[in-house]
Amino acid sequence: ILNVEQSPQSLHVQEGDSTNFTCSFPSSNFYALHWYRWETAKSPEALFVMTLNGDEKKKGRISATLNTKEGYSYLYIKGSQPEDSATYLCAFKDNQGGKLIFGQGTELSVKP
Amino acid sequence: DGGITQSPKYLFRKEGQNVTLSCEQNLNHDAMYWYRQDPGQGLRLIYYSQIVNDFQKGDIAEGYSVSREKKESFPLTVTSAQKNPTAFYLCASSNQYNEQFFGPGTRLTVL
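First to last, the sequence lines map onto chains A and B.
Going from the first sequence to the numbering used here is simple: count from 1 and add 4.
Going from the second sequence to the numbering used here is simple: count from 1 and add 398.
One chain only, chain A, in its complex shape (with noise of 0.2 Å):
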């Protein structure tokens, strides 16, 4: 059974301050890896796919890194407001035609 560990399971930051979490995933069979944002009453919405060892994306102040040989993802956000509230999930996929594993998320709430 494929593992996605997320951590940590939730975080509690101000208003302005820079956060980041981590994904970890199995290092062999490497395909994609995704990160999602879960708004509270909304659907999960994609915020990056990433695929190749080294790749880095950013949207806005939200940045993601990508260790495949190592096996973990980094999400950053930098300068946290309170609209970043939201649960972000990573999902892992493997080459060998497997489906998305889903980690258990990190919670974030930014308070004003």
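These aren't lab readings, by the way, just hints derived from the structure by calculation.
As the structure is a prediction and not an experimental result, all values here were calculated from the model.
Careful: at least some of the hints might be erroneous.
Straight-line Cα separation of at most 25 Å, BS3-like style, residue types lysine-lysine; simulated pairs [claimed, not checked]:
1) K82/A <-> K46/A
2) K103/A <-> K469/B
3) K46/A <-> K407/B
4) K73/A <-> K103/A
5) K62/A <-> K82/A
6) K103/A <-> K468/B
7) K455/B <-> K468/B
8) K46/A <-> K115/A
9) K455/B <-> K481/B
10) K455/B <-> K103/A
11) K46/A <-> K103/A
12) K469/B <-> K455/B
Position chain B relative to chain A; hints supplied.
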């Protein structure tokens, strides 16, 4: 607007009853998925379909059934054989990059 719709938003079921959750997409995606979310857990895959008239079991298919008669539609039936059906159910479809597009979800409660 293109997107995925799920209905109903909330569903209550008596023990022993089958219920069907609706999922429709107008994104012209071939692949569709059903996930279940329980508190403190990640999304777990129930069933998926990569093309019309074909579907495969996911990790937790027992007690569920699906059909894929049309590209736009992928309904999920929660049968009485599902031991613990109370959960939040998300439907998704994916593009050619496997990027998932999710519906708003259905919260099922067994009374």
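Against the structure, the hints:
| no. | hint | verdict |
| --- | --- | --- |
| 1 | K82/A <-> K46/A | 23 Å, holds |
| 2 | K103/A <-> K469/B | 19 Å, holds |
| 3 | K46/A <-> K407/B | 12 Å, holds |
| 4 | K73/A <-> K103/A | 20 Å, holds |
| 5 | K62/A <-> K82/A | 11 Å, holds |
| 6 | K103/A <-> K468/B | 22 Å, holds |
| 7 | K455/B <-> K468/B | 18 Å, holds |
| 8 | K46/A <-> K115/A | 20 Å, holds |
| 9 | K455/B <-> K481/B | 17 Å, holds |
| 10 | K455/B <-> K103/A | 11 Å, holds |
| 11 | K46/A <-> K103/A | 23 Å, holds |
| 12 | K469/B <-> K455/B | 18 Å, holds |
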